[in-house]
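Each chain is listed here by its residues.
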Amino acid sequence: MAFWFYRGLRRGIATTRYPDKLDPWARALPSAPSFHSAHLTSELVDRLSEMCPAGALARVDRELVVDLGRCSACGRCLDAGGGAVQPSGEFLLASADRAALVKRVPIRGEARHGRQ
Amino acid sequence: MVANELQPRGDLGELSVELRRRALRLFGRSLHIRTVDTGSCAVCESEIRLLAAPHYDLHRLGFFFTPAPRHADLLMVTGPAVRAADNLLLKAYQATPDPKAVIAVGACALGGVYPEDALIHGAIDRVVPVDVFVPGCPPSPLALLQGLLVTVGRLEDRVTALSLDLDAEGAG
Chain A
0 MAFWFYRGLR RGIATTRYPD KLDPWARALP SAPSFHSAHL TSELVDRLSE MCPAGALARV
60 DRELVVDLGR CSACGRCLDA GGGAVQPSGE FLLASADRAA LVKRVPIRGE ARHGRQ
Chain B
0 MVANELQPRG DLGELSVELR RRALRLFGRS LHIRTVDTGS CAVCESEIRL LAAPHYDLHR
60 LGFFFTPAPR HADLLMVTGP AVRAADNLLL KAYQATPDPK AVIAVGACAL GGVYPEDALI
120 HGAIDRVVPV DVFVPGCPPS PLALLQGLLV TVGRLEDRVT ALSLDLDAEG AG
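Protein chains in written order, with numbering that gives the first Met the number 0: chain A, 0 to 115; chain B, 0 to 171.
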């Protein structure tokens, strides 16, 4: 349909307002996962780390180490994590500091918690 | 390794850091970008190309693409550190006049997706010094714009304050 022409005339401008204002559709972009630390167990984290195709997840003792730099936002951990993993919604991740892209999430769930 | 021989950083301490920050701020008015592909799957390239499309229109922010590193202020590097491409990346880096900046674009360039093996040795910052890292597979053109604006000091990065723990105190 040729409504794009009419819409263009009405709005008058095709260019994004970013960096002043983010486009509303940008919220639907794939984003790195975030975690409910109270529902994370060591077993779950091990399982997620093993299946992460980008090698972005790892367990160090009672911590989940997430390397946002490696994450490809494929969403496999969202599927496998049950309610413990949710999209973070943050995709503007540029940083001058590589270490700032490595995030740590404590594992605070009980080992035999019936969640998974 | 190679990166250190190329550009010794921090030898003047605070002074060199401040100088560099000011040089990059100068780029904030106008900046020419050269893309270097060290063996990516070309999706990052297609997102970079979208920056020039009417919707993102990076020219309005003073950024331009140039076909040669000798005319560039900034290198946008995509793809993992493929050993066979190290030479071309180094040559492009050396051909870029000082002061210059390097942005590593995409998960491969940051060490993800590809494990180290006979063909690939990790992230781009093993080969050339990297100023700003833009994660994503591929990064959205919006994320690339943010990376450019962070590089020239026109935006603060958001990831330093980001927490991935939804249950942490004060998380919102």
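Treat the hints as calculated values from the structure; they're not laboratory data.
Watch out, some of these pointers could steer you wrong.
Straight-line C-alpha distance at most 16 Å; calculated EDC-like pairs for lysine to aspartate or glutamate [stated by the list, open to error]:
id, chain 1, residue 1, chain 2, residue 2
1, A, 102, A, 42
2, A, 20, B, 56
3, A, 102, B, 164
4, A, 102, B, 166
5, B, 90, B, 124
6, A, 20, A, 78
7, A, 102, A, 89
- request: Run the structure past the numbered hints and jot down the numbers of the failing ones, going up.
  value: 1 and 6
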